[in-house]
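Colleague: Spelled out, the chains give:
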Amino acid sequence: MKLSREQWFYIILAGLAGALIVFAPLPVRVAPPSQRTFRVEASQFAYSPAVLTVNPGDTVTIELVSTDVVHGLYVDGYGASVTADPGQTVSLTFIANEPGSFRFRCNVTCGALHPFMIGKLQVGTNTLLWRAVGLALLAAFSGVALFPRPATVKAV
Amino acid sequence: MRSELTRFSVVKSLLKNRWPQLFGFIVMLAGFLYAIMTGFIGTPVGNNNFSTVFVWIAWWAILILVAVPFFGRGWCAVCPIPLPGEWIQRGAILEPPSRKPRRFNLRWPNKLRNIWLQNLTFTLVALFSTVILTTPKVTAVVLAAMLFLAVGMSIVFERRTFCRYLCPVSGFIGLYAQTAPVELRVKDKQVCITCKGKPCYNGSAAGYGCPWDVFPGGLTKNTYCGLCMECLRTCPNDNIAINLRPFAADLGQPSRKLDEAFKAFIMLGAAMVYAGVLLGPWGELKSAAYSVGTVAWFGYVMAFLAFIFGLLPALFWLAVKLGQVLSKSNVPARHVFAAFATALVPLGLMFWVAFSLSFVLTNASYIFIAFSDPFGWGWNLFGTAALTWQPYLTTALVPLQTLVLVGGLLWSVRTAQKVGREVKIQPVPVIVFSMLVTLVMLGLLL
Chain A
4 MKLSREQWFY
14 IILAGLAGAL
24 IVFAPLPVRV
34 APPSQRTFRV
44 EASQFAYSPA
54 VLTVNPGDTV
64 TIELVSTDVV
74 HGLYVDGYGA
84 SVTADPGQTV
94 SLTFIANEPG
104 SFRFRCNVTC
114 GALHPFMIGK
124 LQVGTNTLLW
134 RAVGLALLAA
144 FSGVALFPRP
154 ATVKAV
Chain B
4 MRSELTRFSV
14 VKSLLKNRWP
24 QLFGFIVMLA
34 GFLYAIMTGF
44 IGTPVGNNNF
54 STVFVWIAWW
64 AILILVAVPF
74 FGRGWCAVCP
84 IPLPGEWIQR
94 GAILEPPSRK
104 PRRFNLRWPN
114 KLRNIWLQNL
124 TFTLVALFST
134 VILTTPKVTA
144 VVLAAMLFLA
154 VGMSIVFERR
164 TFCRYLCPVS
174 GFIGLYAQTA
184 PVELRVKDKQ
194 VCITCKGKPC
204 YNGSAAGYGC
214 PWDVFPGGLT
224 KNTYCGLCME
234 CLRTCPNDNI
244 AINLRPFAAD
254 LGQPSRKLDE
264 AFKAFIMLGA
274 AMVYAGVLLG
284 PWGELKSAAY
294 SVGTVAWFGY
304 VMAFLAFIFG
314 LLPALFWLAV
324 KLGQVLSKSN
334 VPARHVFAAF
344 ATALVPLGLM
354 FWVAFSLSFV
364 LTNASYIFIA
374 FSDPFGWGWN
384 LFGTAALTWQ
394 PYLTTALVPL
404 QTLVLVGGLL
414 WSVRTAQKVG
424 REVKIQPVPV
434 IVFSMLVTLV
444 MLGLLL
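Residue numbers (the working numbering), protein chains in the order written: chain A, 4 to 159; chain B, 4 to 449.
FYI, nobody ran anything at the bench for these hints, they're computed from the structure. Note that this is a predicted model, so its numbers are computed, not measured. A couple of the hints might just be wrong.
[Claimed, not checked] Listed next, the in silico SDA-like pairs over lysine to any residue satisfying Cα-Cα at most 20 Å (straight line):
(1) A:K5 to B:F250
(2) A:K5 to B:R248
(3) B:K260 to B:L222
(4) B:K421 to A:K123
(5) A:K123 to B:S359
(6) A:K123 to B:V363
(7) A:K5 to B:R424
(8) B:K427 to A:A148
(9) B:K421 to B:N117
(10) B:K190 to B:G221
(11) A:K123 to B:G279
(12) B:K224 to B:L364
(13) B:K140 to B:I370
(14) A:K123 to B:L364
(15) B:K427 to B:R417
(16) B:K427 to A:V147
(17) A:K123 to B:L403
(18) B:K190 to B:K140
(19) B:K421 to A:Q10
(20) B:K421 to A:S145
(21) A:K123 to B:L442
Same shape as in the complex, but just chain B (with noise of 0.2 Å):
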């Protein structure tokens, strides 16, 4: 059940012209490069700084409550990180220039074309995370390197290599995208088997070849679209379609990477460290995450490594295990481990909806304050800068994190049926490991 929105012809044309997006790219880069420079010379008082304020709860908030539920990587095709790099690669900000510019343009190893590396630097950015949440130099650091970072890779590697491969934010938003109800797809397989030159991963006049490294005619799930319409302009064909879908459509088709099973374990079991270390009254646990370089602190990465890549995936891995005793099977168990995590996908993302509903919905009102005062330095630009806090809908916050936990768990349940239909497994044993993490996140939150 499919719907294409580019057969209407505005919806095309507005995808298709570059200055939209143009536009779109500068308003986010002039925000990134503001939010790094008053994070560098603001007040270092997180909550009064318009750099920890709008990333962590304005941006945040969009991101993983709309952007990443509703678009997918929505908000990949207007991320500003990649943009000064790509600009410098391709010598061009719009169409492409009639002489290619002699950049390296080498091909990232193959040994690193998986998201472990974004796995890792997710978990680095993690461990810090108390001390980049809160404290606005550390989060400009952190924006100034993924951008620095970003244009040497784009200097050195061919197309965004460091969108595909290292960037912490893009690994977990891959991952969620494929709940998405919307997807970049060929409309016919065939005419792509068929067609002369590939432009959509090669470039031609009218585009650049997919920067995210993918050939659209073997697209069949939205973790590597970067959503970024290259494809939609150069096809000769008109063989590009963006669709509106079901929910989570991907993941009928489970995944056998492990990478991409660790992801989901990572995200799962940070939200639940999230939940009891920021949203808990635990004092002790925050100084411990706060302190940086503490024999606290190596206790608390200690546990947090430990729970997440040890714990977790322990216990999934016996559910997983039960499974095929129960169902007397023969695929081998890393199969089945990597494809049963996709049930853990929207699990996950539900925890992560849940944890940041509350942390958002109490901070909101940061942001007025901030927009006016964005450094913290007495400014009332706009009239907010006198509000005091104030948190929002907190008598409806638990009813509605119960809720969203509770169709995270339904729908995790029905993730599981489905991967336990494609590999042929009993599922209840993940079912029963599912509805354990939920009941454990329901404890922290509520």
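Chain A on its own, in the form it takes in the complex (with noise of 0.2 Å):
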């Protein structure tokens, strides 16, 4: 396919734009890192609560209290963890410096859906997911005046 001039000119421009959705600097709402302590209730296979949410900068507790059988609390991305038995209460403290959505699993095995016993830990705002909207948006969009539309179809 050999791509027109003007073609050539979005393809840039959606570029430019690109690259401005996913380095330009977002504006977050900055709290003074403050002392976070949540206590987390596991059971088969479910974390309560299963959102936690966090300031940038915060230190982070996590009380992990297990209801039934073993279970433990993996951080994706910090790559903290813990694991508590039965009745047991055992604390995780990390300062949660990286902003961003993070998974939190259970990393002992506990029973069928142990794979998919996940939480989610929310450090500020989560901006990767509005850049990455940002960019399906342009996709959409740069999509659509990138490639030429059938002279037969009537524009919207």
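Using the supplied hints, reconstruct the complex from the two chains, each of which is provided in its own coordinate frame.
Modeller: Right under this line is the structure:
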């Protein structure tokens, strides 16, 4: 497929817009770091609460309580983990210095759905999601602009 | 833009020779039977059993991340499931026997010559998937059932009826094989028209008639060609070629079939449901999907079916109708609906890739453990049984998924535009649909 000059213009424009979406600093609400403690109950095959929201820089302590069998908690991206026997409460402390959305998951085989026992740690605004949304919108719009419309199709 | 691979004599001889393929078949069949055995007699803990770990993590990763996107129906070329049945049907393992065995060899009923049954079998597996994925015995039952069904159908019906019309995996491989950069095609259609006896379809001393019930001279897309290479062996005119081609070359000719359109919806919707249920933080949803037979499970089933067969097609229908209104088109809506569903093929494939990346990378370490201790009995055959679970590439996962999903959307937009040109209807509403479902998938995975 040979591209026209107009299409090359759109490709370059879309590339620049994409780079802007990926790399431009986004306005984020900065809160002073604080100490955050969560009591998280683990039972087959869920955490409660399943979503933890903290601010970047917070010192996060998760008190993991297992209510049935042995469960664990491993935080993706941070690599921090802890294991709790039934009825036992154990603590995991780390500094949430990486902003974004991270899954935490059970790291001790606890039953059939063990590989899917998952929770979510939200550190500040999920800027990656917003950038991804921006890229998706750009992909759709640039796709429409980039590829020639058939002459037989009337424009919207 | 095509490049013929079979012009290289080494490639051609390798593909024509039955021994390399038989070797592949036997290795796969051994692995398949081993998976059934470990599933039945090994530990019931899914992530410590060869059956579940190798089928749903290792095989699935290879299938959806490599085999389908790059080789289309390449997996079907070595799939062990139809093998024993085919040997019985043919009365031979390699070359055709001098005397054809007496079998029923019935034709598959005309009314069922579509992929609706495959849509049904995939949906059935999907509804029970949370149990199948995690319970070795259930995995073993499903694998064994597929094997026995394939054997039974090979005895009663001609050719590979199970693969073509019933296999739940074959349906979606066929759909997504259209995007692969590999194809089997004839070099010159005119040669096929004048060819006497059509040995590629009817068989000859050199090989069997197409097991997939396809006349290669009429092949225009990858969907129903199983890459078994029989036509390469039987063609007396050296008219069959394996070509490298651009990705998604088949999508330029949109489908007019509703069964194929609904396959696209089922696959797109199932990827979204799995992303929410299996990878989301909602424990109640997981429990509902797992508790087969309970009220909660029936609720999950109803929601699953309503989403895949109701909400998604209904929204898509609205998008298509809007496009028709904008273009003042008189083309039957049913045809346009089916044609535009082609745009969901690359999108659905990329949804599955994004979902599978997360699932596979976080659970891949179980492969090494199960390899050494396949039954979960405390063996350590290769010294890897004591490894601890470790997710891989978790920091790269989200950017990778974003790229895959955004790339899939761009690909879908391009396909929608091509379809729009074919059916002379404004594709923008369909593009908006693709964008909205991509945003939902991004929200579920990121």
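Colleague: Each of the hints needs a verdict: does it hold here or not?
Modeller: Taking the hints in turn, this is what the structure says about them:
no. : hint             : result
1   : A:K5 to B:F250   : 17 Å, holds
2   : A:K5 to B:R248   : 17 Å, holds
3   : B:K260 to B:L222 : 16 Å, holds
4   : B:K421 to A:K123 : 40 Å, violated
5   : A:K123 to B:S359 : 18 Å, holds
6   : A:K123 to B:V363 : 18 Å, holds
7   : A:K5 to B:R424   : 18 Å, holds
8   : B:K427 to A:A148 : 18 Å, holds
9   : B:K421 to B:N117 : 25 Å, violated
10  : B:K190 to B:G221 : 12 Å, holds
11  : A:K123 to B:G279 : 13 Å, holds
12  : B:K224 to B:L364 : 32 Å, violated
13  : B:K140 to B:I370 : 18 Å, holds
14  : A:K123 to B:L364 : 17 Å, holds
15  : B:K427 to B:R417 : 15 Å, holds
16  : B:K427 to A:V147 : 15 Å, holds
17  : A:K123 to B:L403 : 19 Å, holds
18  : B:K190 to B:K140 : 47 Å, violated
19  : B:K421 to A:Q10  : 16 Å, holds
20  : B:K421 to A:S145 : 15 Å, holds
21  : A:K123 to B:L442 : 19 Å, holds
Hint compliance for this structure: hints 4, 9, 12, 18 are broken, all remaining hints hold.
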